[in-house]
Amino acid sequence: MRAGAVSKRQLSQRSAFSLLIVATIIVALPVLAIVIQIIVNGADAISLEFLTESPSQAGKAGGILPAIVGTFYLMLGTILVALPLGVMAGIYLTEYARDNRFTRAINLAIVNLAGVPSIVYGLFGLGVFVLLFHFGMSLLSASLTLACQALAMTVTTSREAILAVPREYREGSLAVGATRWQTIRHLVLPQASPGIITGAVLAMSRAAGETAPILVVGAAFLLPGLPQSPFDQFMALPYHLYTVAAHVPGMPKSTMWGVALVLLVVVLSFNVLATIIRLRARQWRYSL
Amino acid sequence: MKMNSELLNKNTAINNNVKLSTKGVDLYYGSFQALRNITLDIPECAITAIIGPSGCGKSSFLRIFNRMNDLITGAKVEGLVELTGINIYDRSIDVVELRKRVGMVFQKPNPFPMSVFENVAFGPRRHGTNNIGELEDTIERSLHQAALWNEVKDKLGQSALSLSGGQQQRLCIARVLAVEPEVILMDEPCSALDPVATLKIEDLMRSLAENYTIVIVTHNMQQAARVSDMAAFLMMEEDRAGALVEYGPTSQIFTNPKDKRTEDYITGRFG
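So the protein lines, in turn, are chains A and B. Mind the numbering: the first sequence is residues 1 to 288 in our numbering, read in order. Mind the numbering: the second sequence is residues 1001 to 1271 in our numbering, read in order.
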């Protein structure tokens, strides 16, 4: 009787495990399938010419260099704006802000910032940066637009990284007569920086993948060369992928997959970089 | 009453200069009153122990002297708190300057995640000393004073987190000494340490008391009896606000307490 009860429990234990494993595999499958499909179909298109030349014949021939470079400029522009602003707001919210209605409203706004559909950011950018500020359809307008979107992430990760620095450190610093700013500058920020950088890198990889917002603020269908100033229009990988896949008849299949592969490599490599930074920082902290 | 021979032999000749004093001090956290009407004078270059049961406000009281309570939203101090006759809650007081004069060592050793050298250099650097020779002198002096120099002189560049708990706590004391304070507040500095490390800290405190005014919170009665010159016994009143029951020379508090509650507490009848 008892033995039977035990085996019944073992049985339900085993079936629960199996179910969980199956669920995990199902979760991982689409990612794996996407990656394999893109590599298999796109590998043929990848060549030195594809990576280093400008497109010709509406993208059917030539390479995608302007799109690769445009995407990197975009990531750079985005983070140059979103990181400092995000870190400063994160510091203010954790170290200085009192818990009042104003602070709560700001926190609520930040949470909601992350939930705004990306095309809405695009329209906002069009209205404010392109038209109101007269930045035109440009790299600058697009970077600022994506920066608004990335702010939600850089503020949140900065705030969490700063909050994770133990209170004991702050007290120890204040107790030897350091000012609050010195405590933040010399103790809190160095401790929080791996977390902050991880968030920044993830925000960059997200900016690299955005299509909808840049569509309306400066991404070009085809450009013969690289942007020469922040006020130039630019090409970007996701938008290029969209146009070659949807708007160019007779596009070779492998070219489309090739663009997708390059985009995937850019985005994934930034995600991997973020993971490495996080792991390194953890190791470094424990080995101290 | 247990007579502690060590206690009776201790030199209780106390300097009569008052370093810190409180007059009718109340402390509130929001609407909760944590301390009520505390009045006492803390002598210069001596060790004053604050004792009492858990939750009676000992640590809160200690943190009044370097205004560490300022960090807590809703904390409010009423009454007079003076450092060498100057009201430290006056509007004109620079809290940063105050904390430089009144250093603090915490319950849990809190070395910063940087080298031994940079830990001790942290305070002087923040106060504008960046000359490396000057820093080296300060660090050697502070580590000597904290009785740590011989143990760490060959690993100043190593992480402070690699030191033992007792060494970490002495490092934290050295870090405070490096900014040349006048008063050192210690909030149960040995509660996270083993007995051997505890004795080392106590020896250190005795030697520091020659030049510094030390105020220590402890709930170790033997420790208070061993190291302190003066002892203040705090207890919670019915509304949970801490109040001063008795204050006097340690020898008197431990051998001949005037208040029945003090006697009950130090003989271990409660708390």
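Derived by calculation from the structure, the hints in this document are not laboratory data. Where hints are given, some of them may not hold.
[Claimed, not checked] Interface residues of chain A toward chain B, partial, derived using beta-carbon atoms under 8 angstroms:
id, residue
1, Ala105
2, Val176
3, Thr179
4, Leu187
[Stated by the list, open to error] Which bits of chain B does chain A cover? Going by a derived footprint, with three or more residues having C-beta under 8 angstroms, they are:
id, stretch
5, 1063 to 1075
6, 1141 to 1155
7, 1168 to 1182
All figures in this text were calculated on a predicted structure; none of them were measured in a lab. Where a beta carbon is used, it is the ideal one built from N, C-alpha and C, also for glycine.
ask   = What hint numbers does the structure not satisfy?
value = When the structure is compared with the hints, numbers 1, 6 turn out to be violated.
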